[in-house]
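Could you put the whole structure together from the sequences, leaning on the hints where they help?
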Amino acid sequence: MVDIPEHLLKRAAQARAKALGISVEKALAEMKGQEDPTIVSKEPEVIAFEEVPTPAAETPAPVTETPAPVTEIPVPVTETPAPAAETISPVKEEHAAETTEKVAAVKIEQKPPAAKAPAPAKVDTPDEVDFAPEVKVTQRLLTVVKAKPIQKPVSEPVDKVNTWPHLMLPEFVSLMAMTAFLILLSAILQAPLLEEANPNVTPNPAKAPWYFLGLQELLSYWDPQIAGVMIPLVLGVVVWMAFPYIDRNPETHPSKRKFAIMFYTFFLAGAGVLTIIGVLFRGPGWNWTYPWIDGIWFDDLLDWIHFE
Amino acid sequence: MQKLSLRDRIKEARVSATDSFRGGKLMSSIFRPGSPFRKGYVDSPRNRSYVVMNNVLYHLHPVKVKRHGVRLSYTLCLGGLSFFLFIVLTITGIWLMFYFRPTELAYVDIQALQTDIAFGSLVRNMHRWGAHLMVLVVFLHMSRVFYHGAYKAPREFNWVIGVILLLLTLLLSFTGYLLPWDQLAIWAVTVGGNMAGYTPVIGAQAKFGLFAGLEATTATLLRFYVLHVLFLPFIIVIFMAVHFWRVRKDGGISGPL
Ligand code: HEM
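Chains as they are written, first to last, in my numbering: chain A, 1 to 308; chain B, 1001 to 1257.
Don't read these hints as lab results, they were simulated from the structure. Keep in mind that the hints are not guaranteed to be accurate.
In silico BS3-like links for lysine-lysine, alpha-carbon gap of 25 Å or less [what the hints assert, rightly or not]:
1) A:Lys18 to A:Lys146
2) A:Lys160 to B:Lys1011
3) B:Lys1064 to A:Lys258
4) A:Lys146 to A:Lys32
5) B:Lys1066 to A:Lys160
6) B:Lys1025 to B:Lys1003
7) B:Lys1066 to B:Lys1039
8) A:Lys26 to A:Lys10
9) B:Lys1066 to B:Lys1011
10) B:Lys1064 to A:Lys160
11) B:Lys1152 to A:Lys256
12) A:Lys160 to B:Lys1152
13) B:Lys1039 to B:Lys1011
14) A:Lys256 to B:Lys1011
For each label pair, taking beta carbons as the anchor points, the in silico distance ranges come out as [to be verified]:
15) B:His1059 to A:Val144: 40 to 46 Å
16) A:Asn249 to B:Phe1021: 57 to 63 Å
17) B:Pro1036 to A:Ala269: 17 to 23 Å
18) A:Ile183 to B:Phe1239: 52 to 58 Å
Glycine included, C-beta positions come from ideal geometry on N, C-alpha and C.
Printed below as a string of structure tokens:
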């Protein structure tokens, strides 16, 4: 008999007491009391075995694959038209190759058939521990764990594929394509380099990098110092960051978030138009020009777009 | 004994040589179990998992991903390409640093790069067009995310990080713009810096801090240089790490729609 350290026993008793709403002492006593007869839980099953086969002997019942793993022990035995309880060994041989549980059950049978007092009714309670007691080891019921998952899965299982190769190959291909594209572009298009910087010579027009040109265009409509265009701009960035907290609509399908889609599309279109105007249609003095008439005043494109 | 043709014998020798190399101590010390570079790799579900799980790749990718997420049409690979462009820019940028001094000599250095140094022109072009491309791709990535509603719970915070990444990308691009020290650079930056000057309340200070003075000078050049090659990349890498980490912790890619 395995000695369970006192402190573990106590902890188990506490848990049990908490679960059952009884006092710790009682739980402890219960558990210790159970130690001897009940917990040698195998015997009842042996009895069951002895009882069941008798009817089974007539009807070679098909193997009922009972889903409940614990109770299944008596069942497999049924399938052999076992000639009563005495012939235990043949049963054993036949089933030894099956699942370990069944083997376990068979082992139990070898235990003293001198079934003790505990009522055969015990068989029906599936919560009984059902390890095969090795030699003289007895099991003790510490607690009963209901057959429930500890964690509840909150999401449905999703259809997944292996990252390698299903994601990494496309990634690799697009990476290669991008590299090829960039090298090709760089071989064809020369990056601009104008005269050396000279603070005394202001080019006309002086343009920001293209990604700020929409903004520069916007600023040209209102004198920024007067109209304070930067205020909505800074606010805009903050709002943009906070956007997920503002848009509380949980839907993701475009048909259910028409406003958001429209909003962003207008934003995109506006930024695009302003940028294109800034790049192509603004000449000296920030006056409106037509690229096909007056040429382009945008030095980033200097060396590779010539409309003249 | 059966006589092998010369060709077969060569093939056999080659196979046994590669096998003993790939199965040898060196290769197995470099590549962890499950790597396709090890001897005996076969294409099995288990090994497919190992390719990711037993490698440094596990820092970037989970073993499995949602099926719809690997369709090219979902992400268009835009986030991945933003990251990849950043890497290309880092590599070409480090290369450029060997030939560049952020002083009055900056302009001369760029000229020399274009004319005297092997591949100098190509690498400079790659760095420049790559930077423009990155701004574009990051912007497109943001648009993709928006149209998918991919910023919604639980991904709100990753959007916030994303906006920071966008700002950092713009800043990186903008600080780099000044470095060639030509008329284009100095005046574009002057325009941009003046715009910063219109910021409410702190406008003048922002502009002064940016220019290291009242206008673009070589002091500005040094400032932009340090920001461009050290400070901003350092910051953006940190934010990228958090960004990728959140993509995984938020349950992988969003969707399907
Ligand atoms: C340096 C810039 C950026 C890099 C390198 C980057 C990288 C990535 C990568 C690799 C992904 C995985 C999915 C995909 O490829 O689409 C991703 C997802 C995401 N990114 Fe970015 N990103 C950047 C900027 C941004 C910006 C500007 C935003 C938005 C303002 C953003 C918001 C998001 C969100 C919300 C996700 C999750 C999307 C989903 O689950 O479908 N990112 N990012």
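Verification of the supplied hints:
1. A:Lys18 to A:Lys146: 15 Å, holds
2. A:Lys160 to B:Lys1011: 40 Å, violated
3. B:Lys1064 to A:Lys258: Not satisfied, since the Cα-Cα distance of roughly 33 Å exceeds 25 Å.
4. A:Lys146 to A:Lys32: Judged against 25 Å, a Cα distance of about 22 Å means the pair holds.
5. B:Lys1066 to A:Lys160: OK: B:Lys1066 and A:Lys160 at ~4 Å, within 25 Å.
6. B:Lys1025 to B:Lys1003: Status violated; Cα separation ~33 Å.
7. B:Lys1066 to B:Lys1039: 30 Å, violated
8. A:Lys26 to A:Lys10: 11 Å, holds
9. B:Lys1066 to B:Lys1011: Cα-Cα ~42 Å, so violated.
10. B:Lys1064 to A:Lys160: Status holds; Cα separation ~6 Å.
11. B:Lys1152 to A:Lys256: Holds: B:Lys1152 and A:Lys256 sit about 14 Å apart, inside 25 Å.
12. A:Lys160 to B:Lys1152: 22 Å, holds
13. B:Lys1039 to B:Lys1011: Measuring from Cα to Cα gives roughly 17 Å; hence the hint holds.
14. A:Lys256 to B:Lys1011: Not satisfied, since the Cα-Cα distance of roughly 62 Å exceeds 25 Å.
15. B:His1059 to A:Val144: 40 to 46 Å: For A:Val144 against B:His1059, whose Cβ atoms are near 43 Å apart, the range 40 to 46 Å holds.
16. A:Asn249 to B:Phe1021: 57 to 63 Å: 59 Å, holds
17. B:Pro1036 to A:Ala269: 17 to 23 Å: 46 Å, violated
18. A:Ile183 to B:Phe1239: 52 to 58 Å: Since A:Ile183 and B:Phe1239 have Cβ atoms about 28 Å apart, the given range 52 to 58 Å is violated.
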